[in-house]
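What follows is each chain in one-letter form.
Number of protein chains: 4
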Amino acid sequence: MKNTATLLITCPDTKGIVAAIANFLLEHNANILHADQHQDAENNLFLMRVEWDLAGFDLTAARFHEAFSPIAKKFNMQWQLKLSQQRTRVAVMVSQYDHCLADLLHRYKNGELDCEIPLIISNHRDTEGLAKFYGIDFHHIVVTKDNKTEAEATQFRLFDTYKIDLIVLARYMQILSSDFVARYPQRIINIHHSFLPAFIGARPYHRAFERGVKLIGATSHYVTEDLDEGPIIEQDIARVSHRDQVEDLIQKGRDLERVVLSRAVRWHIENRILLYANKTVIFD
Amino acid sequence: MKNTATLLITCPDTKGIVAAIANFLLEHNANILHADQHQDAENNLFLMRVEWDLAGFDLTAARFHEAFSPIAKKFNMQWQLKLSQQRTRVAVMVSQYDHCLADLLHRYKNGELDCEIPLIISNHRDTEGLAKFYGIDFHHIVVTKDNKTEAEATQFRLFDTYKIDLIVLARYMQILSSDFVARYPQRIINIHHSFLPAFIGARPYHRAFERGVKLIGATSHYVTEDLDEGPIIEQDIARVSHRDQVEDLIQKGRDLERVVLSRAVRWHIENRILLYANKTVIFD
Amino acid sequence: MKNTATLLITCPDTKGIVAAIANFLLEHNANILHADQHQDAENNLFLMRVEWDLAGFDLTAARFHEAFSPIAKKFNMQWQLKLSQQRTRVAVMVSQYDHCLADLLHRYKNGELDCEIPLIISNHRDTEGLAKFYGIDFHHIVVTKDNKTEAEATQFRLFDTYKIDLIVLARYMQILSSDFVARYPQRIINIHHSFLPAFIGARPYHRAFERGVKLIGATSHYVTEDLDEGPIIEQDIARVSHRDQVEDLIQKGRDLERVVLSRAVRWHIENRILLYANKTVIFD
Amino acid sequence: MKNTATLLITCPDTKGIVAAIANFLLEHNANILHADQHQDAENNLFLMRVEWDLAGFDLTAARFHEAFSPIAKKFNMQWQLKLSQQRTRVAVMVSQYDHCLADLLHRYKNGELDCEIPLIISNHRDTEGLAKFYGIDFHHIVVTKDNKTEAEATQFRLFDTYKIDLIVLARYMQILSSDFVARYPQRIINIHHSFLPAFIGARPYHRAFERGVKLIGATSHYVTEDLDEGPIIEQDIARVSHRDQVEDLIQKGRDLERVVLSRAVRWHIENRILLYANKTVIFD
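Just so you know, the protein sequences line up as chains A, B, C and D, in that order. Residues 1 to 284 (this note's numbering) make up the first sequence, in order. Residues 1 to 284 (this note's numbering) make up the second sequence, in order. Residues 1 to 284 (this note's numbering) make up the third sequence, in order. Residues 1 to 284 (this note's numbering) make up the fourth sequence, in order.
Same shape as in the complex, but just chain A (with noise of 0.2 Å):
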């Protein structure tokens, strides 16, 4: 089993970053599997994603912190420290359409999610049989507009007692309060089934069909305050032609949006991203 440390890292970009970086990972002894970093010279920034071997590294995770600080403090980074033996524990959010929650649950007993998915909420009880196929505990909670703030604590409950660490929307199609949103910053994942920003809002495939687009699309993002304005993390397209019915753009809409939201997913929590100014870099 892996048994790997990643490192992301953003700070001002200036001379000696990486060479202090390196220079402390050689004394403790890293074996270095991959580096990625990037300069974004409009803002000035260094973003980098570093990942080593624990064999051999002489540093604890607790005491990595102690010893990494120095470095930090004097290039003012923001940074965080995952270990691959740590996964990421996920709580999936879905409504009736299942195709979205069918796909994350395969990818994850096959091995291509490398995390843990211990919860699945829904307003709708149509995907209770699928949870427990894949041994995944289950909670209907109805959401009406007079109990969404019960209905919303509730959620944060679950959450705590299952240690949830990213929450992933598969189709729910209902709006998280603001609330719900700022308690988890960089934490929760949407998919949008089109090609963001265009057919922000209901009904987007309705839309494209309206507009006689030729091409659909979907977007993985991150949520925050603003519907459908947060950090995009992937999209994709699919091609359509004036045979395409609304009911074909739906379908072949899934295929995008199964895709589309579980590479978001994975490079969630394989730390592949880094957020700044409503943007993603994704470390690949």
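Worth flagging that the hints you see were computed from the coordinates, not collected in a lab. Be aware that one or more of the hints could be misleading.
[Said to hold, decoys possible] Non-contacting residues of chain D with respect to chain A, defined by C-beta distances greater than 12 Å in every case (computed): (1) Leu54; (2) Leu81; (3) Ser95; (4) Gly111; (5) Glu116; (6) Glu128; (7) Phe138; (8) His140; (9) Asn147; (10) Ala151; (11) Arg157; (12) Ser178; (13) Asp226; (14) Asp236; (15) Glu247; (16) Glu270.
[Claimed, not checked] In silico lysine-lysine, DSS-like type, Cα no more than 30 Å apart, as pairs: (17) Lys279(D) <-> Lys73(D); (18) Lys74(B) <-> Lys15(C); (19) Lys252(B) <-> Lys82(D).
The C-beta atom is built at its ideal place from N, Cα and C for all residues, glycine as well.
Given chain A, work out where chains B, C and D should sit, using these hints.
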């Protein structure tokens, strides 16, 4: 050299249309090369394109009208007949960016675009050499806020003089007046450098960069009264990443613009496009 | 529920075919929903697909044969009629990799595949749970060098018992005998995990990795006597880079295989595929 | 004008390489603009590209060699340094099809290809006008079975005279001798009009048509001894259908060839390509 006729038909859908057309063509000894039809159930519309060899066909273009009229009347058809030997006469309007123009001219010379391009109009002199190289008349017409009406009047005279059927805006950075647009309905094709309806208006690559999209696009469309709202003919996209700056988006976008515009022009001159409900049917 | 008939026709190209068919359908009061035709000039072939609503049509399927025979004879047609209410009965054969099977079953349940899937056959037990979840009979038939003939005989009996029309090899890792293939002409669909004709045979992802290709592919095709040489139904590709190891190619490939196989199955059961000259015409 | 240095490095993977390079660059006051590295676990190889601003850097190119040698020796590196102001000198060889040449020249003039193109060699006269339009020397060298050695000797002399660094075969339909290939290792780029390794050799579009593939491709690669077996730099594909005849494949293929060849040339002149094990690493 190809010697065919193409008939484009739109009418309310009802029984017997195909039989009526097929019988008519058989009666006059047409050898059908391609036929394609589309039913739009929602709008109860029948749309058809049929192309036949003129060898052996016993009607001239002049007599076709009279002979076909009873059928057209019976089914309440809108129709147009096009002969491959009456090549569409195209004017290209362009500003400073010459990549779409250069591409169109190369395809024209290669025989990929089976039309005549006798006229290039520009509000700059940058592309004059290119026009000369391909032996095409070049007219430099400066457009300002104050002279717009006169400038367009000059353009109209040129279109008349050169008997222009189709106007292609190959990155022409001036907004046409309503009068101009109304004068050439479904006869002006524009290339917009975004995936419409995303980034309508100015500086789409800059806005795509700011939004952090993972794909950029280009859209060719007929020009109508509402800017960037006309019927879409073709779209395509390219993948971008955090490594791409605005300049990279612009460069990748040029490859899209070339291809997306040239396809629209080709389909138009091959009579493959039927318009309805602000959408296009592309008969391939 | 949809109640339509679909007619697929191949015959030598000559004048009057479309008129004859259109008149025949009109005579019997058919309401044509879709019609598409293709002329292959090189092979002088006419190919057509026409689908009509059975409401109001005045021939039963039984009487259709008799009524249409004179036309079929006159134009030397090969033809087949399919009724939407006689749903294709599909058997899926699978080994250990279950991603294509899981995908097909999910689409089946969703109504995206308008067929019956009463039978799954595997030489492993891995997918038994999945079959059970979807309520489909699962038969475990071990195949060895020594028992191949008997194993196939058992398979044939099952196909007969379940009245199977189409056999889908969803990553079934056994080579079928010539006898098997001959028994189900144009009724076996396979998914090959490469962009055929590149990497025919075993371990295509490993060979793609060694060759250093920048795109990987998947191909669905009808199975014929020659391994991986049958008529191609659909292909798609995904981009890879030097960062991708064989495992990454395999993972990216799974997404291709799922989509490419499911499209082939859908087109087959919707009677959209015509075969000729070892190629397919896909009427979309 | 850009004034940067790019260093490409390949060496056995071991601890401390990044630290050594980063320290070296920091010591000499380099402002790193881009750095990208790749570890090939299977081959135990470390590959890196690093680009820095020369403003403030305290070594001349001449002195760099001496200063960097100890590090290069210690880690057993193969390396090359390239200065942005020493622009690659490119010769294009072409036969009758001019679409790739026209595309390269347009990108060159636009500034998209940051190189010098002083020389075009052709075995036909068709592209002489194009060369003249862009102000590039054109040499017409007829190649026959009998004069091949002499013809190539003439070509070699021209490459020497024009101090050519890179030879681009832009649909040059003559097979180069082993001697030619050996003389310019990793300095000849070819465009092959298929998705290699499918359809190696002659007439790939015709064979793709016969095989009935649903996608066609193009591949740019370095030329090595074995025809069409050299390291692949870039590939792309386009969708085709039963409606496409060989001529349509050829036309759609031209768009692929243009883009796929131009990317390879750009990446080469920007020093983004590292070769190993008959594969390329493209640092983007």
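Do the hints match the structure? See the list:
1. Leu54: 14 Å, holds
2. Leu81: 18 Å, holds
3. Ser95: Per Cβ check, Ser95(D) is outside 12 Å of chain A; nearest 34 Å; holds.
4. Gly111: The claim stands: Gly111(D) keeps its Cβ more than 12 Å from every Cβ of chain A (closest is about 19 Å).
5. Glu116: 27 Å, holds
6. Glu128: 40 Å, holds
7. Phe138: 40 Å, holds
8. His140: 43 Å, holds
9. Asn147: 49 Å, holds
10. Ala151: 45 Å, holds
11. Arg157: 44 Å, holds
12. Ser178: Non-interface label on Ser178(D) holds, nearest chain A Cβ at 39 Å vs cutoff 12 Å.
13. Asp226: Asp226(D) clear of chain A: closest Cβ-Cβ about 31 Å, beyond 12 Å.
14. Asp236: For Asp236(D), whose nearest Cβ neighbour in chain A is about 16 Å away, the distance exceeds 12 Å, so it holds.
15. Glu247: 22 Å, holds
16. Glu270: 16 Å, holds
17. Lys279(D) <-> Lys73(D): 24 Å, holds
18. Lys74(B) <-> Lys15(C): 24 Å, holds
19. Lys252(B) <-> Lys82(D): 25 Å, holds
In summary, this structure violates none of the numbered hints.
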